[in-house]
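Chemist: Sequence:
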Amino acid sequence: MDTTLKEKIKAASCEEAIGMLDEYIAANPGDDDALTIRGLRYWSAGNRSKAINDYLEAIRINPESRAREALRAANEILDYYNKDLLNP
Numbered sequence: 002m003d004t005t006l007k008e009k010i011k012a013a014s015c016e017e018a019i020g021m022l023d024e025y026i027a028a029n030p031g032d033d034d035a036l037t038i039r040g041l042r043y044w045s046a047g048n049r050s051k052a053i054n055d056y057l058e059a060i061r062i063n064p065e066s067r068a069r070e071a072l073r074a075a076n077e078i079l080d081y082y083n084k085d086l087l088n089p
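Position one of the sequence shown corresponds to residue 2 (the numbering used here), numbered consecutively onward.
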């Protein structure tokens, strides 16, 4: 992915960025970096399941992808347990 497209995605709203990334990924399905970026945008938009699916696909394509760190962080957030917030 070229830097011009990355800058456009960075400046766009979540919905616009995801649309641009959808088009890019359709033409370049093996780009793990694009999948990771789309996953981050999905996470920002509150769509956790689509974000995790993108992270997993990026890791499948490239096991050393930076999506590994994003997936680890997502799992930490989802696994968070605070017993003080639960009612007995």
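To be clear, the hints were calculated from the coordinates, so they are not data collected in a lab.
Treat the hints with care, since some could be wrong.
[As the list claims (entries may be wrong)] BS3-like, lysine-lysine: derived pairs with alpha carbons at most 25 Å apart:
id: 1; residue 1: Lys51; residue 2: Lys9
id: 2; residue 1: Lys51; residue 2: Lys7
id: 3; residue 1: Lys11; residue 2: Lys51
Chemist: Which of the stated hints cannot be reconciled with the structure, identified by number in ascending sequence?
Modeler: When the structure is compared with the hints, none of them turns out to be violated.
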